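*Asks:* What follows is the residue order along each chain.
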Amino acid sequence: GESVGLHLPTLSVQEGDNSIINCAYSNSASDYFIWYKQESGKGPQFIIDIRSNMDKRQGQRVTVLLNKTVKHLSLQIAATQPGDSAVYFCAENMDTSGTYKYIFGTGTRLKVLA
Amino acid sequence: AAGVIQSPRHLIKEKRETATLKCYPIPRHDTVYWYQQGPGQDPQFLISFYEKMQSDKGSIPDRFSAQQFSDYHSELNMSSLELGDSALYFCASSPGQHNSPLHFGNGTRLTVT
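Residue numbers (the working numbering), protein chains in the order written: chain A, 343 to 456; chain B, 604 to 716.
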């Protein structure tokens, strides 16, 4: 079916450590993926995206890895800071009969410990 | 930079009342999406519009309707409200090109009592 899921609902990391948030997607035809960060009371905020013709993309302190073979997506945050505490969602863009929609997975709450 | 504007930020309604949520997309974005997010849940796709035409439909109840106007703003109309409709409602816009990220507003928190 159409679903994007995450393995860990809550991730606690020490400040300064690296964080890895994982996501499994089910539709092998999806060709575009996005990571969003959502802070309390706010809308999801775009972090980084990746197209299916890539397997890695780097941003500022963040890296997204895409493994199409196992339909797995991960977000790596380097030197995690208190401001990184939020819920993180992955989303896949899939073609549904000629139109595209974005399907979100269950979020992972990242807690940064001082 | 201009962002997606949603109004109102908070709305309290009673059961069986109606509600209208408004969304003003980023300038030059012609595609609008509506999502519903319950507490601790991921955003659930409701409906989308491209160039003022409905482009896709998700898990939107028949009691809800939406449209996109000539200035590209969109409204989500909700009737016969139920307690279970209490949620955050997000609007997102994109330039309508495939492989473009959605840009979200800060949502409308609807509480049905």
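Derived by calculation from the structure, the hints in this document are not laboratory data.
In this text the structure is predicted, and so the values were computed from the model without any measurement.
Note that CB positions come from ideal geometry on N, CA and C, so glycine has one too.
Any given hint could be a false lead.
If the Cβ cut is set under 8 Å, some of the chain A residues that face chain B in the computed set are [as the list claims (entries may be wrong)]:
{"hint": "1", "residue": "Ser-370"}
{"hint": "2", "residue": "Tyr-374"}
{"hint": "3", "residue": "Phe-388"}
{"hint": "4", "residue": "Phe-431"}
Restricting the straight-line Cα-Cα distance to at most 25 Å, the calculated cross-link-like pairs of lysine-lysine (DSS-like) are [what the hints assert, rightly or not]:
{"hint": "5", "chain 1": "B", "residue 1": "Lys-616", "chain 2": "A", "residue 2": "Lys-384"}
{"hint": "6", "chain 1": "B", "residue 1": "Lys-655", "chain 2": "A", "residue 2": "Lys-453"}
{"hint": "7", "chain 1": "A", "residue 1": "Lys-413", "chain 2": "A", "residue 2": "Lys-443"}
{"hint": "8", "chain 1": "B", "residue 1": "Lys-660", "chain 2": "A", "residue 2": "Lys-443"}
{"hint": "9", "chain 1": "A", "residue 1": "Lys-410", "chain 2": "A", "residue 2": "Lys-443"}
{"hint": "10", "chain 1": "A", "residue 1": "Lys-443", "chain 2": "B", "residue 2": "Lys-625"}
{"hint": "11", "chain 1": "B", "residue 1": "Lys-655", "chain 2": "B", "residue 2": "Lys-616"}
{"hint": "12", "chain 1": "B", "residue 1": "Lys-655", "chain 2": "A", "residue 2": "Lys-443"}
{"hint": "13", "chain 1": "A", "residue 1": "Lys-410", "chain 2": "B", "residue 2": "Lys-616"}
{"hint": "14", "chain 1": "B", "residue 1": "Lys-625", "chain 2": "B", "residue 2": "Lys-655"}
{"hint": "15", "chain 1": "A", "residue 1": "Lys-453", "chain 2": "A", "residue 2": "Lys-384"}
*Asks:* State for each hint whether it applies.
*Replies:* Here is what the structure says about each hint:
At its closest, the beta carbon of Ser-370(A) sits 17 Å from a beta carbon of chain B; the interface hint therefore is violated under the 8 Å criterion. A hinted interface residue such as Tyr-374(A) counts as satisfied when its beta carbon comes closer than 8 Å to some beta carbon of chain B; here the least separation is about 4 Å, so the hint holds. The interface hint given for Phe-388(A) is met, as the beta carbon of that residue sits about 5 Å from the closest beta carbon of chain B, less than 8 Å. Look at Phe-431(A): its Cβ gets to within about 6 Å of chain B, closer than 8 Å, so that hint holds up.
Between Lys-616(B) and Lys-384(A) the alpha-carbon distance is near 21 Å, which keeps this suggested pair within the 25 Å criterion. For the suggested pair Lys-655(B) and Lys-453(A), the alpha carbons sit about 41 Å apart, so the restraint of at most 25 Å is broken. Using a Cα cut-off of 25 Å, the hinted pair Lys-413(A) and Lys-443(A) holds, with the two alpha carbons roughly 18 Å apart. For a cut-off of 25 Å, the pair hint linking Lys-660(B) to Lys-443(A) stands: about 9 Å separates their Cα positions.
Pair hint Lys-410(A) plus Lys-443(A) holds up; C-alpha atoms about 19 Å apart against a cutoff of 25 Å. At most 25 Å may separate the alpha-carbon atoms for a hinted pair to count; Lys-443(A) and Lys-625(B) meet this at roughly 21 Å. A threshold of 25 Å between alpha carbons decides the hint, and for Lys-655(B) with Lys-616(B) the separation of about 28 Å lies outside it, so the pair is violated. This hinted pair checks out: Lys-655(B) and Lys-443(A) have alpha carbons roughly 16 Å apart, not beyond 25 Å.
For the hint linking Lys-410(A) to Lys-616(B), the alpha-carbon distance of about 45 Å lies beyond 25 Å, and the restraint is violated. Only pairs whose Cα atoms come within 25 Å are accepted, and Lys-625(B) paired with Lys-655(B) is accepted, the gap being roughly 15 Å. For the hint pairing Lys-453(A) with Lys-384(A), the CA-to-CA distance comes to about 17 Å; that is within 25 Å, so the pair holds.
The structure shown violates the earlier hints numbered 1, 6, 11, 13.
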